[in-house]
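There are 2 protein chains.
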Amino acid sequence: MKHDAVIILSGGLDSTTLLYDLREQGYALTAVTFDYGQRHKREIAYATRTCERLDIPQKIIDARVLHDLAPSALTRSDLAVPEGNYDDETMKQTVVPNRNMVLLSLAAAYAIGIHAGHLFYGAHAGDHAIYPDCRPAFVDAMTAAFHLCDWNDLVLSAPYLHLSKGDIVKRGLSLGVDYSLTWTCYKGGEKACGKCGSCDERLAAFRDAGVADPLEYE
Amino acid sequence: MKHDAVIILSGGLDSTTLLYDLREQGYALTAVTFDYGQRHKREIAYATRTCERLDIPQKIIDARVLHDLAPSALTRSDLAVPEGNYDDETMKQTVVPNRNMVLLSLAAAYAIGIHAGHLFYGAHAGDHAIYPDCRPAFVDAMTAAFHLCDWNDLVLSAPYLHLSKGDIVKRGLSLGVDYSLTWTCYKGGEKACGKCGSCDERLAAFRDAGVADPLEYE
Numbered sequence: 000m001k002h003d004a005v006i007i008l009s010g011g012l013d014s015t016t017l018l019y020d021l022r023e024q025g026y027a028l029t030a031v032t033f034d035y036g037q038r039h040k041r042e043i044a045y046a047t048r049t050c051e052r053l054d055i056p057q058k059i060i061d062a063r064v065l066h067d068l069a070p071s072a073l074t075r076s077d078l079a080v081p082e083g084n085y086d087d088e089t090m091k092q093t094v095v096p097n098r099n100m101v102l103l104s105l106a107a108a109y110a111i112g113i114h115a116g117h118l119f120y121g122a123h124a125g126d127h128a129i130y131p132d133c134r135p136a137f138v139d140a141m142t143a144a145f146h147l148c149d150w151n152d153l154v155l156s157a158p159y160l161h162l163s164k165g166d167i168v169k170r171g172l173s174l175g176v177d178y179s180l181t182w183t184c185y186k187g188g189e190k191a192c193g194k195c196g197s198c199d200e201r202l203a204a205f206r207d208a209g210v211a212d213p214l215e216y217e
Numbered sequence: 000m001k002h003d004a005v006i007i008l009s010g011g012l013d014s015t016t017l018l019y020d021l022r023e024q025g026y027a028l029t030a031v032t033f034d035y036g037q038r039h040k041r042e043i044a045y046a047t048r049t050c051e052r053l054d055i056p057q058k059i060i061d062a063r064v065l066h067d068l069a070p071s072a073l074t075r076s077d078l079a080v081p082e083g084n085y086d087d088e089t090m091k092q093t094v095v096p097n098r099n100m101v102l103l104s105l106a107a108a109y110a111i112g113i114h115a116g117h118l119f120y121g122a123h124a125g126d127h128a129i130y131p132d133c134r135p136a137f138v139d140a141m142t143a144a145f146h147l148c149d150w151n152d153l154v155l156s157a158p159y160l161h162l163s164k165g166d167i168v169k170r171g172l173s174l175g176v177d178y179s180l181t182w183t184c185y186k187g188g189e190k191a192c193g194k195c196g197s198c199d200e201r202l203a204a205f206r207d208a209g210v211a212d213p214l215e216y217e
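Quick mapping for you: the protein sequence lines, in order, are chains A and B.
Quick note: the first sequence uses numbering that gives the first Met the number 0, first residue 0, plus one each step.
Quick note: the second sequence uses numbering that gives the first Met the number 0, first residue 0, plus one each step.
Treat each hint with caution, since some may be false.
[Stated by the list, open to error] Computed Cβ-Cβ distance ranges for the label pairs, DEER-style:
id, chain 1, residue 1, chain 2, residue 2, range
1, A, His-2, B, Trp-150, 31 to 37 Å
2, A, Ala-211, B, Asp-3, 48 to 54 Å
3, A, Asp-177, B, Pro-135, 55 to 61 Å
Don't read these hints as lab results, they were simulated from the structure.
Backbone N, C-alpha and C define an ideal beta-carbon position, used for all residues, glycine too.
Bound-form chain A, shown alone (with noise of 0.2 Å):
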């Protein structure tokens, strides 16, 4: 029997993977995609064509919210997104405070409305350092708090926590994933900068991975 779960799909490289990993896995997925007032809009219409490939259901939630409480590098126009890697101090301009925190508790609503079981999200190895809400310790306690947010129990998952960037795409390849769907980028370009943190994490990654990124860049 298939088991029901909600994945949170950023149309990124890690929750891309996750989807296919988990399709093969045999769940039965529903998507949830934010808009949050993201400048790299194309992240979302990946998802949406991921899940159209895929005809997973997809369910994009309105968190624009964020933009309101949190200004930030990520939401404003009027402030540059920081170039170089993600280990500069500059990057930290990106952090939404509590973003994630907001974006699980937006997802579980929503899969506790559907009676899913079981939710999902792609946090890896290295967003530790800069987000501190994806440290696996913040993991942990979320998840004790959906064991208790509900009278139905609600499982969270985040299946990558400990593998790399790298170890993902080497993942994703074995499953078929078209990585020519996903965005990373933080710009809003027609094209990947290939300047940004973003972007040069997911380079690094591709290179770990031994394969080359079929994305177009700048």
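Fit chain B to the given chain A structure using the hints.
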């Protein structure tokens, strides 16, 4: 030195009493009030009037996304609000799945953004039976998650978690709370209906405290 704190102020009995209480204790408060498309908009207006009277800054956060995610008797005008006691099975219709986690996480994002170290909310003992996310264990789990969601610690407190609504009213009377500026009824009428589960509970609290409710009823 005053500690900067955010309080979730619905405009109801519990949170309004807590506002007066924390102000008395010397916290430098900012109130956060949610507009989630509730029928009882009057509670938002009353929250605003209380803030104006006490000269406390108020941030109204648009949480209408809850309406989209989890239609329930509180946000949909096509469903009747159940009447009678909170113990009734029908009152479970008023539960928006995971509502408290969504609202707490939004308030936390705002609190982190303004560098407040404390987040308070007015969950109380009477909520436990109906709302899974008002149980002490849930508050503990969220407290643990808030310790981890940001590099700067955010302390979550629900000081009334073990008080009855009657005890809260007694406390509020000693603090000089103007309960004519609080709203409880789930229906959207000019006067409180006096019949819905929420009115029923409020009237019982005033009976417990041995005073008359200053609010007008139909």
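| message | To test your reading of the hints: which numbers does this structure violate? | response | 3
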